Amino acid sequence: MTSTIEVNNLSKHFGKVKAVNDVSFTVAENKIYGLLGRNGAGKTTLMQLLTGQEFASSGTISLFGQSPVENAKVLQNTCFIKESQRYPEDFRPKDVFKTAPWFFANWDQEFAERLIADFRLPLDRRIKKLSRGQLSSIGVIVGLASRAPLTFFDEPYLGLDAVARQIFYDRLLEDYANHPRTVILSTHLIDEVANLLEHVLVIDDGNLLINEDAETLRNRATTVVGMKTAVEAFIGNREILHRDGIGGLSSVTVGGLSESERRDAHAAGLELSPVSLQQLIIQLTRTETKEFEASA
Amino acid sequence: MTTTTSALAHPASPLNRITRVAKLHFANPWTTLGLPWIILGVIFVGSLTIWWLIYSALSPEVREGALQGTEFGGSSFFIFIYMMVMAIHAISITFPFALGYGVTRRDYYLGSSLAFVALAVIYTTGLTILGEIEKATNGWGMGGTMFAPIYFGDSVSERIFVTFVLFLFFLFFGSAIAAVWVRWKATGVTVFFIIVGAILVALFALTTFTDSWAAVGATLVDLGVLGVAAWSLVATAISGVAGFVLLRRATPRNAA
Chain A
1416 MTSTIEVNNL
1426 SKHFGKVKAV
1436 NDVSFTVAEN
1446 KIYGLLGRNG
1456 AGKTTLMQLL
1466 TGQEFASSGT
1476 ISLFGQSPVE
1486 NAKVLQNTCF
1496 IKESQRYPED
1506 FRPKDVFKTA
1516 PWFFANWDQE
1526 FAERLIADFR
1536 LPLDRRIKKL
1546 SRGQLSSIGV
1556 IVGLASRAPL
1566 TFFDEPYLGL
1576 DAVARQIFYD
1586 RLLEDYANHP
1596 RTVILSTHLI
1606 DEVANLLEHV
1616 LVIDDGNLLI
1626 NEDAETLRNR
1636 ATTVVGMKTA
1646 VEAFIGNREI
1656 LHRDGIGGLS
1666 SVTVGGLSES
1676 ERRDAHAAGL
1686 ELSPVSLQQL
1696 IIQLTRTETK
1706 EFEASA
Chain B
2 MTTTTSALAH
12 PASPLNRITR
22 VAKLHFANPW
32 TTLGLPWIIL
42 GVIFVGSLTI
52 WWLIYSALSP
62 EVREGALQGT
72 EFGGSSFFIF
82 IYMMVMAIHA
92 ISITFPFALG
102 YGVTRRDYYL
112 GSSLAFVALA
122 VIYTTGLTIL
132 GEIEKATNGW
142 GMGGTMFAPI
152 YFGDSVSERI
162 FVTFVLFLFF
172 LFFGSAIAAV
182 WVRWKATGVT
192 VFFIIVGAIL
202 VALFALTTFT
212 DSWAAVGATL
222 VDLGVLGVAA
232 WSLVATAISG
242 VAGFVLLRRA
252 TPRNAA
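Residue numbers (this note's numbering), protein chains in the order written: chain A, 1416 to 1711; chain B, 2 to 257.
These aren't lab readings, by the way, just hints derived from the structure by calculation. Only a predicted model underlies this, so the values are computations on that prediction, with no experimental measurement involved. Do not rely on the hints blindly, as some may be mistaken.
What the hints assert, rightly or not - For lysine-lysine, the following PhoX-like pairs were computed, each having C-alpha atoms within a straight-line distance of at most 25 Å: (1) A:1513 / B:24; (2) A:1433 / B:186; (3) A:1431 / B:186; (4) B:24 / A:1543; (5) A:1446 / A:1488; (6) B:24 / A:1509; (7) A:1488 / B:24; (8) A:1513 / A:1544; (9) A:1513 / A:1488; (10) A:1509 / A:1543; (11) A:1513 / A:1543; (12) A:1543 / B:186; (13) A:1509 / A:1544.
Chain B with its partners taken away, still in its complex shape (with noise of 0.2 Å):
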């Protein structure tokens, strides 16, 4: 019988630390990655489908433009938010698991961060490709929008753009509230919502009483679909850090 000492494991390098937890989000890449397109198929062929239906008891002459409306769609909107909802359920999930692995917070933010920005260009790259078909085919035949509506931008570069920089903010506020939900459970994630919605009532507030909502639509209006997913880059800055100063200092605990 040999007998050896368990030697102390190689030191890790620091990329592989990060990618192994990475790679952990898609160990069962079930809820990432397989669950968001089925919901997504199956919105696409009840579209199709109310759209045929449209489209066949209308008379030629008017079926041209009568999806047009279809272009200010929300359709594909949830897997925005299934996104930020997958990003709080993934980190409240797995945070205690990895620590449990030895793995370091500061590696653990890391990694995941990295599998959020994976996430973000397969959604994007996906999204793009199914747009494109929508535009090429004229909307399916139909002139129904799904994939490009029309505040995603205008050509496929400004489309990718706006996509790519809307799930990144979407995942990091998601990682953001998981953050405060790993370490102050419900209470603390109250309390965010208080002070968010607090804010907002306030600019709301401040707005109103500066008589600038003029000035705001203009400002908006100036920035376009490209300046303002741009500023909303700022935003997700803002979760990130947040999200990686709060776990820093988290604990695990058994409690839900």
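The following block holds chain A by itself, in its conformation from the complex (with noise of 0.2 Å):
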């Protein structure tokens, strides 16, 4: 398998600030990649180094075998939706839809009009006359219509509502089958694009915290929900994620289980449950915080 990008001890730093640590991944070809993490963890920063709109401090960017910055054979292979993408102010969608096939060899005008009428985006509107919902749908057109081999979306669906994103996740995978190419996806909304995920990097401030295939990821952890006592009994001294509890019910969060200790846990009378990506990352980057603060 291909990388499409190789990161190494990269590091962007804003006087003291840290926004980028000494960061190293590799992101495989034709993949679709979350980019997690809290605001200001990092993310925008991340995605501009990578596309060569932030200058390195330290540290090396490859993408496609070379550096992004001011390489125009590059960077003509990469789109990046920011979350509030600033338009010319006197250009209407359609001047958008208009331009921006000049500049993405792979862009499907067919695909573009049904997503236009997907989004029910006005056309002859002045841009500044839009709403929050209807300018972050142009952002999310331009980048699956220009199909470019390596798409950034940064929080791309500002504003959009619970019908408009389920159509840009539908979109999104419909298209990616058809093409495949490398997405970036940045977004908060962990849940509702977990399915869609491939791989999970999830970063905190300025780390890079995990680095995952999205399916080892959801293995590795289990709620384990019961009686107390007995839950208490299963967990033992196994790490834990996350206690809840009522009277006397407990609901715990330990580590992934093996085949055999599920057998010894339904056996117990114990539920297990599935842990969701997002319960997962908050757990992870708490305990995280947790140990970071114990250990300064």
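Using the supplied hints, reconstruct the complex from the two chains, each of which is provided in its own coordinate frame.
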């Protein structure tokens, strides 16, 4: 498998703020990546570094085998849709869709038109008269119809309603199946995109916390529910990610369990339930914070 | 269902990469081509009306020379300032937009420069044609002057040169200011104007203390309209290069 992106010891400091701190990872070709993390975690900075918009303080980035900075050969294969993407004020959506194909060799006009209908985007209205959601849908349409071999979506759906977001997920998956490409999606709405993601990168405070296959990640934790005594007996001195309880009932999230452990749990009358990606990430990032504080 | 991997894009030729950025500035031609001509038209109609009022109020003997003073008028001067503002606006808004489309800063700047030169050509052509009509009709039949004021030169070729060079100066000075804005926002622009102001004051003081205003005046007269216009190319070139150098290291940010 070839990697589209290779990042080594990448750091970006703004004065004392370490927006991205010694991060290394690779991104495989034609997969959908989730770049997750809290506000200000460094997601946007990382994407800006990858697209050559921001200059690294140290470390190396390679896209399609070359540095992206001011490299037309590399950059014309990318499309970067930002959270609050701005457009020339006098533009109307139709001007955006007229100009975008000049820049993207794989642009599909038919697909763009279908998306415009899906999102019910008015084409003739001036950009500054559009609602936040309509503005976001322009970005989503450009990002999808560009079919850029490497597409970045940075929180692309500010103001989009649930229906529109679902359309985005559906169209992304559909089109991705027919035209595989590498997509990096940063988002807060982790559960909504959980089924979309094949690989997850979690960044917190500039550090890369998790870099794992989505499937593996889902198996990394299980919630054990049952009578308090039974649960306590089962978990023993396992590492606890999260604990909850009401009265005699207890719900404890622990690391991944093997097949035999699962059988033991069922035998003990305990219920096992998978942990959602969102819960897992919240718990893992919390743990990290605690450990960090403890060691500080 | 066919499955095709999104192949890497065919590398666009360097020229194509630059011209598509230039085209971006004309995608909605309202700000670059529509509005300026409309404003110019309104000013022109207004001037014509005033001239006509003056002209018809005077007796035929004094009519001829009455509007001669409009030779020194500057009613078409706004268009140069407009071009500067437009350049600042165009760069500050399309720079982050184009970079999201995978355009390099270099291609972006060269493409924008190409668009600006094209604009200078278009507006010079327009003003020259109107100026010639003005001359040929003896100032729209009333001796008025709007498009060919005296300081644009005496002949057509001189006027073309001076107008073109002035457009270039304002457009590229504008793009230098825009580059400062994109890179350091309002703080940068403030500092920039303080520096420009300080340089002007320093030159002014230098001229005063060395008692050389007479010499400066004589030099300007010697240079003539053409000479001064030609020297503005130096300032234009400095602005153009400065804009390029500044933008090369700029990062698009969302904060306005």
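These are the hints, each one checked on the structure:
no. : hint            : in the structure
1   : A:1513 / B:24   : holds (11 Å)
2   : A:1433 / B:186  : holds (22 Å)
3   : A:1431 / B:186  : holds (21 Å)
4   : B:24 / A:1543   : holds (22 Å)
5   : A:1446 / A:1488 : holds (21 Å)
6   : B:24 / A:1509   : holds (15 Å)
7   : A:1488 / B:24   : holds (20 Å)
8   : A:1513 / A:1544 : holds (19 Å)
9   : A:1513 / A:1488 : holds (23 Å)
10  : A:1509 / A:1543 : holds (14 Å)
11  : A:1513 / A:1543 : holds (18 Å)
12  : A:1543 / B:186  : holds (21 Å)
13  : A:1509 / A:1544 : holds (14 Å)
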